[in-house]
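Engineer: Take these sequences, add in the hints, and give me the full structure.
There are 2 protein chains.
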Amino acid sequence: MFISFFFACYFMYLSQMINIVLIGSGNVAVQLAGAFSKSKKVAVLQRFSRSNANDGYFDKNIPVIHDLKELKQADIYIIAIADKSISDISKQLKFTQGLVVHTAGSMPLDALLCAANKGVLYPLQTFSKEQPIRFKNIPLALETEKKEDYKLLEALAKTLSAKIYPLDTGQRRKLHIAAVFANNFANHMFKIAKDICDENNFSFDILKPIILETANKMERMSPMEAQTGPARRNETHVIEKHVAELDPDKKEMYTLISRSIIKTYHP
Amino acid sequence: MFISFFFACYFMYLSQMINIVLIGSGNVAVQLAGAFSKSKKVAVLQRFSRSNANDGYFDKNIPVIHDLKELKQADIYIIAIADKSISDISKQLKFTQGLVVHTAGSMPLDALLCAANKGVLYPLQTFSKEQPIRFKNIPLALETEKKEDYKLLEALAKTLSAKIYPLDTGQRRKLHIAAVFANNFANHMFKIAKDICDENNFSFDILKPIILETANKMERMSPMEAQTGPARRNETHVIEKHVAELDPDKKEMYTLISRSIIKTYHP
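Going line by line, the protein sequences match chains A and B.
If you read the first sequence in my numbering, its first letter stands for residue 581, the second for the next number, and so on.
If you read the second sequence in my numbering, its first letter stands for residue 581, the second for the next number, and so on.
Any given hint could be a false lead.
The list treats identical chains as one, so a pair stands whether inside a single copy or across any two.
In silico lysine-lysine, DSS-like type, Cα no more than 25 Å apart, as pairs [to be verified]:
1) K726 <-> K674
2) K774 <-> K797
3) K774 <-> K743
4) K743 <-> K620
5) K674 <-> K649
6) K754 <-> K830
7) K754 <-> K774
8) K620 <-> K738
Read the hints as simulated data drawn from the structure, not as lab findings.
Structural biologist: Pasting the structure below:
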């Protein structure tokens, strides 16, 4: 009796496992493979790779295939490849069982051209192969074509992170634009600040604490409330003095962003 | 003999103390008073205030004066008041002993019109009265008119922070401009990102981890190395798609900053 109880438990356990197949061998695939390999709720049945690229970064226990015909049946197939190849590769997936998701923030759900149900699992973070990502705090934007698939994708996503956001294709496109401002453009402001430090022979280190505080403040207040500085106070004499000291490129940027801040606070 | 040894030690201790007077009652004065009051190496002899503003935020043990004629002799007089009043108040300081410093990033050393030696102690951080600042990690930019005063000002600064930077008036002016980019303008990028979230009915929370990571990266690499995104990769088709979705103000900003990033990485 004990043995049959044991098997019953074991089969229940197996039935709760989410079986996945990973398609791709880039940064996102490497990071997802690493995270899912550690999960007790997810079994990575296979990974598909066109080449042997990045083989060294993957868990050796995950079987590799190089031919899509060898794909096993799984609950979820995750396509983590370059944006432009998603349609091409998904077109070759002729099976109708299971859920096929891509991981690209800027691609619509219907970039997937597979026969099976479609979805998106978009981790909003910059990835590199070398450094293992701690998914725990990384927001995951989820979308499924069919409502009934959402719970399964959510269950998979929850094994990675507590920060789950249902976002449709349109919202995800906007999120991508918002992230360009919040990440790329903010970083470019840091770049310009560093250039000014370098040109004037003092260390960029002096700015690092205020950069960190600027980001940390977002946990306590909105960016609208957090704003300070000459444009916030509409101090045109300070702005003019600053502009006079900048080269043409920085001048144009300083003027435009200051004008936008002034417009926000002094409409 | 024990008693005379005790007194000798006590007098040595006293002679090592830095005696200061605080002039002003704004945020910076409140924060400096709080930090110096806790220091065993600094004695705050007095503080001067024109009104009773913010009295509740100051340590009750610091004697307040309202007339500059009552000023005691000190090693360092710190003027922490609005930029535009620094010249006016310093003009009224007729004594020639001691060092008079202001705390304004955007004001030159010679905004001080006092008879005594001049200097600047500029804490690079945004201040508010309500929240006690932990000076330990706040960079302090120091300048003295006379070389021989630098050590004293540095000794005082070191009681607050380990991050001390000697910067002359010209460098400090540039630092202020650099900080506008690194703090005010980066924050405005967060503001625009939040607007996009709000307009499309998803939470700005989804962007907070990437904002924090953007700032944290500065500890590991330069902003030049940290850059990612469509402009970094010169993906004009993505940029055009994004621009097409933005209102005129955001469009202009997106275009200009993207152009600047492209110019940086694809000259």
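Engineer: All hints, please: hold or fail.
Structural biologist: Hints versus structure:
{"no.": "1", "hint": "K726 <-> K674", "verdict": "within (18 Å within a copy, 80 Å between copies)"}
{"no.": "2", "hint": "K774 <-> K797", "verdict": "both (21 Å within a copy, 14 Å between copies)"}
{"no.": "3", "hint": "K774 <-> K743", "verdict": "between (33 Å within a copy, 18 Å between copies)"}
{"no.": "4", "hint": "K743 <-> K620", "verdict": "within (19 Å within a copy, 46 Å between copies)"}
{"no.": "5", "hint": "K674 <-> K649", "verdict": "within (10 Å within a copy, 90 Å between copies)"}
{"no.": "6", "hint": "K754 <-> K830", "verdict": "between (27 Å within a copy, 13 Å between copies)"}
{"no.": "7", "hint": "K754 <-> K774", "verdict": "between (29 Å within a copy, 11 Å between copies)"}
{"no.": "8", "hint": "K620 <-> K738", "verdict": "within (12 Å within a copy, 51 Å between copies)"}
In terms of the numbered hints stated before, the structure departs from none.
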